[in-house]
Amino acid sequence: MAEVSGVSDERAVWLGRFVLPHELQLRAWLSRRSLGGLEIDDVIQETYTRLFQAESVAHVHDAKSYAFQVAGSVVIDHLRRRKVVSISSMPDLDYLEVVSEEPSPERQVIDRDELTRLAQMIARLPGKIRDVFTLRRVHGLSQREVAARLGLAESTVEKHMARGFLILSEQYGHGGKTLSHPSNPKPVQRPGTTGKQER
Amino acid sequence: MSAKTAHQIDLEAAEWAARMDRGPLAPEQEAGFQAWLDGDARCLGAYGRMRAIALTSERARALGPDFDPASFEPPSRLALDRRRTLQLGGAIAASALIGVTGTWQMLRHRGRFSTGKGETKVVALKDGSVVTLNTASEIQVNYSDSLRSVELVQGEALFDVAKNKSRPFVVSAGDTDVRAVGTSFTVRKLEAAPVQVLVREGVVEVFKPAINAAPVRIAANNMALAPEGESAVIAARPIPAVQVNRQMAWQKGQIAFEGESLAEAAAEFARYSDTRIIIEDQALAREEIAGLFKATDPVGFAQTIAISLNAKARIGEGEVRLAR
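Residue numbers (the numbering used here), protein chains in the order written: chain E, 1 to 199; chain W, 1001 to 1324.
Pulled out of the complex, with its shape left as it was, chain E reads as follows (with noise of 0.2 Å):
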């Protein structure tokens, strides 16, 4: 892709690997928080166009860590630019004293639990966008290619690759299995477990 500015893949992987899969821990945490009126869709974007813009992330050795501080600092800057902040709504402030953790051993626990929960948030796409992304994704084929196979326009193929993404995103920051609450954050785990049951 050609560098359109403040955009890279590189950091986009690093994001999907190392910040994604805490999201839901980072909602929770943020729910529980005093947001100065923002919300808390508001804070995570902010959150990760911070993450983008910043110079480097090779310093970043605990990256869960660092996107929660990252979006304490989005809700601070944010009460500080109003002009008038009332001392119930300033921030905790453990906002700036995020538990620093050892870089997780589980990581590649998480890895395969990941790969696991991936195919699930496959399974649970609606009907042709699981079509669509099955192939684009798991086959490889391109979208053109899909979209032959599939007897789609290509203009559709894209399109149900944006809504796959949606709810993919949905998925990541509200977790699939609780649907029905999609705006009740599940309870933060113990930090860096994958405990998971393998029936």
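Misleading hints may appear alongside valid ones.
Covered by chain W, per the in silico footprint, the following chain E stretches (three or more residues, Cβ under 8 Å) [stated by the list, open to error]:
(1) 31-38
(2) 130-143
Here are the simulated EDC-like pairs of lysine to aspartate or glutamate, each with C-alpha atoms no more than 16 Å apart in a straight line [stated by the list, open to error]:
(3) LYS1312/W - GLU1280/W
(4) LYS128/E - GLU154/E
(5) LYS1163/W - GLU1230/W
(6) LYS159/E - ASP131/E
(7) LYS128/E - ASP1068/W
(8) LYS1126/W - ASP1145/W
(9) LYS1208/W - ASP1127/W
(10) LYS1252/W - ASP62/E
(11) LYS1163/W - GLU1201/W
(12) LYS1294/W - ASP1274/W
(13) LYS159/E - GLU1012/W
(14) LYS1294/W - GLU1317/W
(15) LYS1004/W - ASP41/E
(16) LYS1004/W - ASP62/E
(17) LYS1004/W - ASP1038/W
(18) LYS159/E - GLU1015/W
(19) LYS1117/W - ASP1297/W
(20) LYS1163/W - ASP1127/W
For the record, the hints were derived by calculation from the structure and aren't laboratory data. Where a beta carbon is used, it is the ideal one built from N, C-alpha and C, also for glycine.
Fit chain W to the given chain E structure using the hints.
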């Protein structure tokens, strides 16, 4: 600042991500994309997030051409209800009415958990106990109303047991049982080695259910070895707290050595990784080493050690060779 909602921006970001997924942008589209990005500070983040999802989902290639989405669908309500009813029927027959919730929890009290080489995994059990599995390990959880039973099939696990006097927690490893009320301990069961029990907090009782002998009580900061067999004697000895913590370094993905030989260290690394450390020189194999190392990185370990022991590390396929 524009009045766009976060949701609207997400929709647009998904469209851009799908457009990028189709192929490179034409120059005039690039200008449009740039204008969109410049319109709101949140756009870059929303797009970056969608792009991250788009690129992350490329890992689905690993699912292989035989991937059948249907097999990953969440169980339908109907199937769930049927399973629940079956379980409920059993529970009613077995005991007094527990109710649907209790039955459901009981269901989740059972299961098999395992880790591959180089993995650790934390399993939170319904009673509040937490089991941390070390590399290449497997447990089978079987909870009942009167007993919390966990079988350590192989490997090593740390058990942080929630207190409940009326419902003992028993870990079975081969022919050895370890009983705890509320405590924290590890059990290790490796091939050709006695079962090892290390207690960090509280007291546990180690015994062999097949033999009519008094259980051996092991207090905090003690280690017990229980060799297999009926005539085996369970021996316990105190070890310093520092060493207990070192023995549990694997929880953080680390291995600690203090005076072990390089040969022993290589064997320890073999538990965590398929990349073998081969020591070509006998004198080198006897060198004693110390330090804290990343468990899943035998190559890094070998390279570090090579420098400190003035040896050479040659990396080959699936192995790293150490020689002077």
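Quick rundown of the hints versus the structure:
1. 31-38: violated (count 0)
2. 130-143: holds (count 10)
3. LYS1312/W - GLU1280/W: Cα-Cα ~10 Å, so holds.
4. LYS128/E - GLU154/E: Measuring from Cα to Cα gives roughly 14 Å; hence the hint holds.
5. LYS1163/W - GLU1230/W: It is violated: about 31 Å lies between the C-alpha atoms, which goes past 16 Å.
6. LYS159/E - ASP131/E: holds, 13 Å
7. LYS128/E - ASP1068/W: holds, 15 Å
8. LYS1126/W - ASP1145/W: holds, 12 Å
9. LYS1208/W - ASP1127/W: violated, 25 Å
10. LYS1252/W - ASP62/E: holds, 14 Å
11. LYS1163/W - GLU1201/W: holds, 12 Å
12. LYS1294/W - ASP1274/W: holds, 15 Å
13. LYS159/E - GLU1012/W: holds, 11 Å
14. LYS1294/W - GLU1317/W: violated, 20 Å
15. LYS1004/W - ASP41/E: holds, 12 Å
16. LYS1004/W - ASP62/E: The given pair, whose Cα atoms are some 32 Å apart, is violated under the 16 Å limit.
17. LYS1004/W - ASP1038/W: holds, 13 Å
18. LYS159/E - GLU1015/W: holds, 7 Å
19. LYS1117/W - ASP1297/W: Since the Cα atoms of LYS1117/W and ASP1297/W sit roughly 12 Å apart, the hinted pair holds (cutoff 16 Å).
20. LYS1163/W - ASP1127/W: This hinted pair holds, its Cα atoms lying about 9 Å apart.
Taken one by one, the earlier hints fail for this structure at numbers 1, 5, 9, 14 and 16, listed in ascending order.
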